[in-house]
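J.: These are the residues of each chain, in order.
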Amino acid sequence: MGELENNPGKLLGVNNVTFSYCAGKPVIKGIDFGLSNGRIAAIVGPNGVGKSTILKIICGYLKPTSGEVLLNGNPIRSYDNQTRSGLVAAVPQNIYAPIPFSVEQVVKMGRLARLSRFSRLSEIDREIISRTMRKLNIASFAGRAVGELSGGERQRVMIATALAQEPDLLLLDEPTSHLDIGNSARVLRALINWQREKGSSILIVTHDVQMAARICERIILLKNGNVVGDGKPHDVLTSESLFQVYGHGVSSFISPLDGLPVILPDPTGGDGDYQEQIYDDSE
Amino acid sequence: MFTNIRKILGIPVVWIGLSAIVLFLLFMGCGAYPINLSDIQNLSPMTMTVLKLRALRLTCAFIVGGSLAVAGTACQAALRNPLAEPYILGVSGGGSVGAAIAIILGLAVVSEFFIPAFALAGAILALILVLAVSRRWSADTPAGTALAGVVIGSMCSSLLMFIISMSNSRELNSITWWLLGSLQPSGLALLLSAGSSLIFATALFTLLGREIDAVTFGEETAFSLGTDPRKLCYILLGVSSLLAACAVAVSGIIGFVGLITPHIARSLFGARHRQLFPVCMLLGGIFLMICDTFARSLFATTELPVGVITSFIGGPFFLWLLGRRRVWES
Chain A
1 MGELENNPGK
11 LLGVNNVTFS
21 YCAGKPVIKG
31 IDFGLSNGRI
41 AAIVGPNGVG
51 KSTILKIICG
61 YLKPTSGEVL
71 LNGNPIRSYD
81 NQTRSGLVAA
91 VPQNIYAPIP
101 FSVEQVVKMG
111 RLARLSRFSR
121 LSEIDREIIS
131 RTMRKLNIAS
141 FAGRAVGELS
151 GGERQRVMIA
161 TALAQEPDLL
171 LLDEPTSHLD
181 IGNSARVLRA
191 LINWQREKGS
201 SILIVTHDVQ
211 MAARICERII
221 LLKNGNVVGD
231 GKPHDVLTSE
241 SLFQVYGHGV
251 SSFISPLDGL
261 PVILPDPTGG
271 DGDYQEQIYD
281 DSE
Chain B
284 MFTNIRKILG
294 IPVVWIGLSA
304 IVLFLLFMGC
314 GAYPINLSDI
324 QNLSPMTMTV
334 LKLRALRLTC
344 AFIVGGSLAV
354 AGTACQAALR
364 NPLAEPYILG
374 VSGGGSVGAA
384 IAIILGLAVV
394 SEFFIPAFAL
404 AGAILALILV
414 LAVSRRWSAD
424 TPAGTALAGV
434 VIGSMCSSLL
444 MFIISMSNSR
454 ELNSITWWLL
464 GSLQPSGLAL
474 LLSAGSSLIF
484 ATALFTLLGR
494 EIDAVTFGEE
504 TAFSLGTDPR
514 KLCYILLGVS
524 SLLAACAVAV
534 SGIIGFVGLI
544 TPHIARSLFG
554 ARHRQLFPVC
564 MLLGGIFLMI
574 CDTFARSLFA
584 TTELPVGVIT
594 SFIGGPFFLW
604 LLGRRRVWES
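Protein chains in written order, with this note's numbering: chain A, 1 to 283; chain B, 284 to 613.
Bound-form chain A, shown alone (with noise of 0.2 Å):
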């Protein structure tokens, strides 16, 4: 755990949290983390490890077999819809809308939980959702319908829906896993403003290690459902801890341009024997 993180005030608290989809098969296995505000964290790790499941369970949707998950020292599961849209939105990964509603109005549901049943959007919400699509650069389509949007041009109307929501906490369930890399820069850095002028928080959880170093200053590596590492990239993204989550074939090196880690793929493994990194992955 982060030294700034166990401050009574913190925004998120994940303490103990242990969860199974079925009886006795746990995919969380007792996951202890906390998260001040204005922070940018991801949890990393391979594929199927429980990743977006933790998201879900932060966000209140899956309720953890045991444990608790506390915004602002309250369990998440103790507000109403409401208040609880406003604290914490997620993006999942993959949106499906059969419904043709047209890229502005899908945005425009970002600030549902703030309307009444009667009222229409304010001048504010209004100017909130404007900028939220210039930002995002898809003001250009605001018209279209968005399943007839390629996936990544999706995934950014439904980044921009969550950020029009202003929430103290922003969770993101592989935000660039569909953009260019283009693209994923414009996010990214759109986020990242955002996270600054808001002094909002962003939990990301991704298997894009690099671009977790890149941009955040907190990675919470995840291997089997528990959590093998905590901090700050350099320290975790080590190739130590690396090869103890992927086995063979990761390297890490500290770029000499700005001291952030670079993890490249190397499949003839660190130590050359390729046949034996296959067997390590059937396990």
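It should be emphasised that the hints constitute simulated quantities derived from the structure, not laboratory data.
Mixed in with the good hints, there may be bad ones.
[Stated by the list, open to error] These stretches of chain B come out as covered by chain A in the derived footprint (C-beta under 8 Å, 3 or more residues):
hint	stretch
1	357 to 365
2	489 to 500
3	507 to 515
[Claimed, not checked] As a list, the in silico DSS-like pairs of lysine-lysine whose alpha-carbon atoms are at most 30 Å apart:
hint	chain 1	residue 1	chain 2	residue 2
4	A	Lys-232	A	Lys-135
5	A	Lys-63	A	Lys-29
6	A	Lys-63	B	Lys-514
7	A	Lys-232	A	Lys-29
8	A	Lys-135	A	Lys-10
9	B	Lys-514	A	Lys-25
Ideal placement from N, C-alpha and C gives every residue a C-beta, glycine not left out.
Since chain A is already given, all that's left is putting chain B on it; use the hints.
T.: This is chain B only, laid out in the frame that chain A set:
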């Protein structure tokens, strides 16, 4: 003053509602016995009786059409499935089995409300079965759910055939009459209760419109936007089963109205459910009034069952929807 009128007429619900009234009056004159409504002062008593019957029948068509359209819109939103509607999901089929059971048990004679009550039970049972089957075989893609609905629906119709073949001649008579799906209402009480559930459902769904918008993006997103998606889905599916059951109890099975109307309404007026539900109610009502007027006047002196016409229009529409790639994506 005039700008105010123009503003009110700019709201789709208002002018669709006005055109529904105009069409209603127009269709009063159509049928096997054409009536010229311009000389309303000197109508014979016989003509008055015909007009009364036609007014009742058009009201019935409007209520059934509106119910099916609103139920279809609600199913499509709750299941996030552009192919969903009571008929394709087998809900109407389940409802018809329930109604037939009420008839052969002789309960329909006791009170006519036994038919919609049994229809509702059958409709909900069929819906639960369809959803359970499609989840169980992990086929809960739009087309998979539609397929499960078609299978359950045809099982329901064979069950219906079984009930018919087992029943004696008197029951057979009443089941057959009801199955033929005439929109000429037998009793006012049933029609009134169908009408009030339609108004209740449309008002409720319109109020919940914004939350329903969010539900179409999936449970997680809807939850994050500050709604309770599970509860909303139960409300949507439960109330639309009620609407489908009422429609089945009044007029037998009429297919595809609930499929076509929401798609047309969305392409004309956008997808926001706050506006979509009242628009769909009106458009569905108008659509079935038109179909029924054709059914009455196309081959004058003999009458077509209105389901023949709706399926003739709806079938190709369903195939066209199925052909679009977006439906298969999930």
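J.: Each of the hints needs a verdict: does it hold here or not?
T.: Here is how each hint holds up against the structure:
no. : hint                   : in the structure
1   : 357 to 365             : holds (count 5)
2   : 489 to 500             : holds (count 7)
3   : 507 to 515             : holds (count 5)
4   : A/Lys-232 to A/Lys-135 : holds (28 Å)
5   : A/Lys-63 to A/Lys-29   : holds (14 Å)
6   : A/Lys-63 to B/Lys-514  : holds (16 Å)
7   : A/Lys-232 to A/Lys-29  : holds (23 Å)
8   : A/Lys-135 to A/Lys-10  : holds (29 Å)
9   : B/Lys-514 to A/Lys-25  : holds (28 Å)
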